[in-house]
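Please take these sequences and the hints and turn them into a complete structure.
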Amino acid sequence: MSSALISPAPAIDPAMNNGAFDVAVIRAAFPALQQTVNGKPLVYLDNAATTQKPLVVIEAVNQFYRHDNANIHRGVHTLSARATDQYEAAREQVRSSLNAAVVEEIVFVRGVTEAINLVAASFGQRLNAGDEILISALEHHANIVPWHLLRERIGIVLNVIPVTDIGELDLSALPALISPRTQLIAVNHVSNALGTINPVWEICQIAQAHGVPVLVDGAQGLPHGVVDVQSIGCDFYAMSGHKVFGPSGVGALYARRPWLDVLPPYQGGGDMIETVSFDAVRYAPAPAKFEAGTPNIEGAIGLKAALAWHAALDWQAIAAHEAQLLATATTGLRDIPGLRIIGEAANKVPVVSFVIDGTHPHDIGTLLDAQGIAVRTGQHCAMPVLKQLGAVSGTVRASFAFYNTLDDVAALIRAVHRAHALLT
Amino acid sequence: MPNMTHNLAPQAAIAELKEEFAFFDDWTDRYQYIIDMGKQMPPFPAEKQDDAHKFHGCQSQVWFDAEWKDGRLELQGTSDAAIVKGLIALLFRVYGQQTASEILATTPEFLDELGLKTHLSANRATGLMGMIQKIRAIATEADYR
Numbered sequence: 001m002s003s004a005l006i007s008p009a010p011a012i013d014p015a016m017n018n019g020a021f022d023v024a025v026i027r028a029a030f031p032a033l034q035q036t037v038n039g040k041p042l043v044y045l046d047n048a049a050t051t052q053k054p055l056v057v058i059e060a061v062n063q064f065y066r067h068d069n070a071n072i073h074r075g076v077h078t079l080s081a082r083a084t085d086q087y088e089a090a091r092e093q094v095r096s097s098l099n100a101a102v103v104e105e106i107v108f109v110r111g112v113t114e115a116i117n118l119v120a121a122s123f124g125q126r127l128n129a130g131d132e133i134l135i136s137a138l139e140h141h142a143n144i145v146p147w148h149l150l151r152e153r154i155g156i157v158l159n160v161i162p163v164t165d166i167g168e169l170d171l172s173a174l175p176a177l178i179s180p181r182t183q184l185i186a187v188n189h190v191s192n193a194l195g196t197i198n199p200v201w202e203i204c205q206i207a208q209a210h211g212v213p214v215l216v217d218g219a220q221g222l223p224h225g226v227v228d229v230q231s232i233g234c235d236f237y238a239m240s241g242h243k244v245f246g247p248s249g250v251g252a253l254y255a256r257r258p259w260l261d262v263l264p265p266y267q268g269g270g271d272m273i274e275t276v277s278f279d280a281v282r283y284a285p286a287p288a289k290f291e292a293g294t295p296n297i298e299g300a301i302g303l304k305a306a307l308a309w310h311a312a313l314d315w316q317a318i319a320a321h322e323a324q325l326l327a328t329a330t331t332g333l334r335d336i337p338g339l340r341i342i343g344e345a346a347n348k349v350p351v352v353s354f355v356i357d358g359t360h361p362h363d364i365g366t367l368l369d370a371q372g373i374a375v376r377t378g379q380h381c382a383m384p385v386l387k388q389l390g391a392v393s394g395t396v397r398a399s400f401a402f403y404n405t406l407d408d409v410a411a412l413i414r415a416v417h418r419a420h421a422l423l424t
Numbered sequence: 001m002p003n004m005t006h007n008l009a010p011q012a013a014i015a016e017l018k019e020e021f022a023f024f025d026d027w028t029d030r031y032q033y034i035i036d037m038g039k040q041m042p043p044f045p046a047e048k049q050d051d052a053h054k055f056h057g058c059q060s061q062v063w064f065d066a067e068w069k070d071g072r073l074e075l076q077g078t079s080d081a082a083i084v085k086g087l088i089a090l091l092f093r094v095y096g097q098q099t100a101s102e103i104l105a106t107t108p109e110f111l112d113e114l115g116l117k118t119h120l121s122a123n124r125a126t127g128l129m130g131m132i133q134k135i136r137a138i139a140t141e142a143d144y145r
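For the record, the sequence lines run as chains Z and P.
Read in the numbering used here, the first sequence has 398 at position 398, and its numbers run on one by one without any break.
Read in the numbering used here, the second sequence has 84 at position 84, and its numbers run on one by one without any break.
No wet-lab data here; the hints were simulated from the structure.
It cannot be assumed that every hint is accurate.
Claimed, not checked - In the DSS-like style, the derived pairs of lysine-lysine whose C-alpha atoms are separated by at most 27 Å in a straight line are: (1) P/Lys18 / P/Lys39; (2) P/Lys69 / P/Lys117; (3) P/Lys134 / P/Lys48; (4) P/Lys39 / P/Lys117; (5) Z/Lys387 / P/Lys18; (6) Z/Lys387 / P/Lys48; (7) P/Lys117 / P/Lys134; (8) P/Lys54 / P/Lys117; (9) Z/Lys40 / P/Lys18; (10) P/Lys69 / P/Lys134; (11) Z/Lys40 / P/Lys117; (12) P/Lys54 / P/Lys69.
What the hints assert, rightly or not - Label pairs and their computed distance ranges (CB to CB): (13) Z/Pro162 / P/Lys18: 52 to 58 Å; (14) Z/Gly39 / P/Asp112: 15 to 21 Å; (15) Z/Leu79 / P/Glu20: 55 to 61 Å; (16) P/Ala46 / Z/Arg414: 34 to 40 Å; (17) P/Phe24 / Z/Leu79: 30 to 36 Å; (18) Z/Pro264 / P/Glu109: 23 to 29 Å; (19) P/Glu20 / Z/Gln34: 33 to 39 Å; (20) Z/Gln205 / P/Gly130: 32 to 38 Å; (21) Z/Thr164 / P/Ala15: 55 to 61 Å.
Said to hold, decoys possible - Residues from chain Z that face chain P, not an exhaustive set, calculated with beta carbons under 8 Å: (22) Val37; (23) Asn38; (24) Gly39; (25) Leu42; (26) Asp357; (27) His360; (28) His362; (29) Thr366; (30) Leu367; (31) Ala370; (32) Gln371; (33) Gly378; (34) Arg418.
None of the values given here were measured: they were computed from a predicted structure.
Yeah, the Cβ is synthetic: ideal placement off N, Cα and C, and Gly gets one too.
Structure follows, in C-alpha cells:
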C-alpha cells in the first residue's frame, strides 16, 4: 500500500478520488461532527490538535467499562484475563499498524510527549557531557524541551537541522551537522505547525551511514497515512492515540528490538518487575520494563478500535481526497488580500497555517468560531519555526482530516473573508 | 455608539450594554460591535506601551494603566488584538470613571449576563477576569486608604 508519508516521491492525483471514498459515509461514523455551534453546522478544522472519535472507538471504551473492567496482568479471575487479553491485543494492533517486526517493540505510553521523555530519560543515561543530539528547526516543543532538560542536567549539546523559508528541512546541511559525538537524531514525521511532511526515510539513510539512531515524532504522521517503521528505518517512532481518532492519554513508542535490552527502565513501580526485595530488583523484560503502574487500559482498547478502523480505510482514495482539500483551501485562502500562508512545502498534509496583515490570529479564530468553524490560533507549540518564518504573533491553523469536505473548505474561505472584512 | 467619557453608574452601563447586545442576532455582528468599541477608545499613550504597563495572563499583548482623579478611576488600555481591545473598552465602560465603592459593588457576573463568558475561549475569559480582578484590587486598596 502506498502512502504520501512513506514513499519518497508521492504521486497524488486528485482525480483518483472518483467515488471510491465516500466522505458522507465516513462522517456518519463521527457523532461529534453532527452538531451546530453558535447556530451554524460545526466545521471542525482543529484536527492537528486532536481528532474526533468514530462510534467504534466510543463503543469499545464503553463496552470495556460495562463488561470487562479489571486490572491487567495480575489477576487470576475472568475479568482480569479478558482485560489483559484486550490490552495485549491492542499492542498487537499497534504493532501491525506501524508494521513493527515484533510486538515487544511496542511500549504503551501516554502519548508522543511521554514517549520522547521516556527516550530522553532512558537513552539519556547513556550520554555524557558534550554528546550531541540533533533535532530540527521544525520541532514541536515536545521534541525540544526533553532534550533541553538533558542539556541542563548533563550538559549535552543540542544541534538543529535548519528549515528553509517555505518550511522544508534543509537536508543538504544534515551530513555536516552529524559529528562523532552525535548520539541521536530526533525529528518529526510531519510538522504540526506547517503540515510539512519530512523525508524521514532519507534522514534515516543518512543517519545510518553515520551509525546514528533516529527517533521520529509521528504524532501527525499516522492520521494522514500508512506508517511502516521498518521501511522508514527509524530506531524509535512515537505516536499519540488522540491524534489518530482514538482516546486521549494513550499512545505508543516503537523501539527497535536491539534497544529494548540496552535501555534502562524509565519509571519504577508495579508491572515492570519480576522480583523485588529491599536489596535488589529484577526488571521484567520489555515492553513491561517500560510500563510501570496500571496503564490506561481503556485507552489502549479504544486505540485498538481506532487503529483497526484506520487500517481498513482506503488510503489511496484518502490521499487523493486530502490533497484536494489542501489544494482547494490553499488556492481559496491565497485570494484573500494580505493573507500569507506560512509553510508552503511541496509535500504537505492538509494543514494550512496563515496570517493576515494587520490582524491578530486570535481575532480571526474568534470570528471563525462565531461562524461555527473550529481552528487553532497561536504558536502551535512550535515557537522557533514560527519566529523564523515571520509569524511572531502566531498563525491561524486550519488542519483537516479525511472526514472534512470541500464544503468545509468553502465555509472556511467564506468565514475568513468575512473576518477579514470586519478587521481591516 | 456611546462616547467613552460618559459617566453612567456601573449598573446603568451594564444595562445599556445588554440592550445593545440584544440588538444583534449573531455573534459575528456582536464581535463587530465590540471591535468598533475598541476602535473608538482614546489612543493608549505610546510611552506607556512598555513592560511595566504590560498586562500578563493574555495570549495577545495587552497594556493597561489606572489612575485616580477626583476620586474616580481613570482607565487606559489597549491590545494588539482587535477583539481584546474591544473587550477592554467594554470593561472600561463599566468600571471607568467610577468610585472605589461603585467598582467594588460591581462583580464580574455581568460578563455571563452578556453571554461573553460562554463565547470567549477559556484563556481569553481568564484574561478578562484577570483585568477585572486587577481593577477591583486597585479599588480595594483605595477603599482601605
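Here is how each hint holds up against the structure:
1. P/Lys18 / P/Lys39: Holds - the C-alpha atoms of P/Lys39 and P/Lys18 are around 20 Å apart, at most 27 Å.
2. P/Lys69 / P/Lys117: violated (31 Å)
3. P/Lys134 / P/Lys48: holds (18 Å)
4. P/Lys39 / P/Lys117: holds (22 Å)
5. Z/Lys387 / P/Lys18: Given pair Z/Lys387, P/Lys18 is violated - Cα atoms ~41 Å apart, limit 27 Å.
6. Z/Lys387 / P/Lys48: Holds, at about 26 Å.
7. P/Lys117 / P/Lys134: Holds. P/Lys117 to P/Lys134 sits at ~18 Å (cutoff 27 Å).
8. P/Lys54 / P/Lys117: The hint holds at about 23 Å.
9. Z/Lys40 / P/Lys18: holds (23 Å)
10. P/Lys69 / P/Lys134: holds (18 Å)
11. Z/Lys40 / P/Lys117: Between Z/Lys40 and P/Lys117 the Cα gap is close to 19 Å, so the pair holds against 27 Å.
12. P/Lys54 / P/Lys69: holds (22 Å)
13. Z/Pro162 / P/Lys18: 52 to 58 Å: holds (54 Å)
14. Z/Gly39 / P/Asp112: 15 to 21 Å: holds (19 Å)
15. Z/Leu79 / P/Glu20: 55 to 61 Å: holds (60 Å)
16. P/Ala46 / Z/Arg414: 34 to 40 Å: holds (37 Å)
17. P/Phe24 / Z/Leu79: 30 to 36 Å: For P/Phe24 and Z/Leu79 the Cβ distance comes to about 55 Å; the hint is violated.
18. Z/Pro264 / P/Glu109: 23 to 29 Å: violated (55 Å)
19. P/Glu20 / Z/Gln34: 33 to 39 Å: holds (34 Å)
20. Z/Gln205 / P/Gly130: 32 to 38 Å: Because 51 Å falls outside the window, the suggested range is violated.
21. Z/Thr164 / P/Ala15: 55 to 61 Å: holds (56 Å)
22. Val37: This hint is violated: Z/Val37 lies away from chain P, its Cβ roughly 10 Å from the closest one there, beyond 8 Å.
23. Asn38: Since chain P brings a Cβ to about 6 Å from Z/Asn38, closer than 8 Å, the hint holds.
24. Gly39: holds (6 Å)
25. Leu42: violated (15 Å)
26. Asp357: violated (13 Å)
27. His360: Holds: closest Cβ of chain P sits about 4 Å from Z/His360, inside 8 Å.
28. His362: Holds, about 5 Å.
29. Thr366: holds (5 Å)
30. Leu367: Since chain P brings a Cβ to about 6 Å from Z/Leu367, closer than 8 Å, the hint holds.
31. Ala370: holds (4 Å)
32. Gln371: Holds: closest Cβ of chain P sits about 6 Å from Z/Gln371, inside 8 Å.
33. Gly378: At 6 Å from the nearest chain P Cβ, Z/Gly378 passes the 8 Å test, so the hint holds.
34. Arg418: Constraint on Z/Arg418 satisfied, holds at 7 Å.
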